[in-house]
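> Sequence:
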Amino acid sequence: MDANELLKKIRKIEIKTKGLSQNIFAGEYHSAFKGRGMTFSEVREYQYGDDIRDIDWNVTARHNHPYVKVYEEERELTVMLLVDVSGSRQFGAVGEEKRQMTAEIAATIAFSAIQNNDKIGVIFFSDKVEKFIPPKKGRKHILFIIRELLYFSPEHSGTNIGEAFRYMTDALKKRCTTFVISDFIDPSDYYNALSIASNKHDLTAIQVYDKRDAQLPDVGLMRIQDLETGAMRWINTSSSKVRQSYNKWWYERQQAMIQRLNRCRVDFASIATDEDFVKSLMGLFKKRGPR
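The numbering used here puts the first residue of the sequence shown at 1, with every later residue one more than the last.
These aren't lab readings, by the way, just hints derived from the structure by calculation.
It is possible that part of the hints are untrue.
Said to hold, decoys possible - 20 Å max Cα-Cα, derived DMTMM-like pairs, lysine to aspartate or glutamate:
{"no.": "1", "residue 1": "Lys-279", "residue 2": "Glu-96"}
{"no.": "2", "residue 1": "Lys-287", "residue 2": "Asp-267"}
{"no.": "3", "residue 1": "Lys-174", "residue 2": "Asp-189"}
{"no.": "4", "residue 1": "Lys-248", "residue 2": "Asp-218"}
{"no.": "5", "residue 1": "Lys-173", "residue 2": "Asp-54"}
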């Protein structure tokens, strides 16, 4: 892809996602992900009912009258996107490729963060951490992130979500608002890493999946390939037993994912590639509400 085509594609996704974040998500994002910390603002005279632990004794001594410290909510957030770049993101049978929808969702969140004067960073992961983009502000930084979302080429094709959680927990000391965007097709048990990360950071999970991930079509003998391992096999999709077995596998995987997220009190949304992700994100933000 030449430079002009690259710029056109980046510009196209910028126009679409920036418009969404400005016109639709700005208020919902601010309400759902406002700052959790408290920072010193000013001192004022003590009033009946104030907590005596907030008394500023130095100012009180100077004025011979009690004064208290006033704190306000720390507005600025550090937002991290944990983006799955494993081989399965290239799959696209119904609707967009998972890769494209993931990029659009991540870009929309990134623009929403920038409009609220938040810093935004990214961790790309497969079965290892592929790339870390430290949190920064500004349009130039956002456009760099969009380019990487669209065209980053990972070294590995497997999935290990727990590795991404462990890396973030070690690398980021300050509490972050974190969005994990993945199809969550992961053979490993990431519960412990998720639990530790959710205690330190404010996590939200967004599952992007293709409906053919969840259900096999009845099209006869079909050759399939695992995009993460490269393994290929023939399956008879006309067999009701085969389809039922596959449906059961997907259902059990989904239930395990939901159970892990619920146990760690992580809000989540599942979005199919042929659905409107705007509606799902709005629902997710409203579910979080002002906290």
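> Compare the structure with the hints numbered earlier in the document and write down the numbers of the violated ones, lowest to highest.
3 and 5
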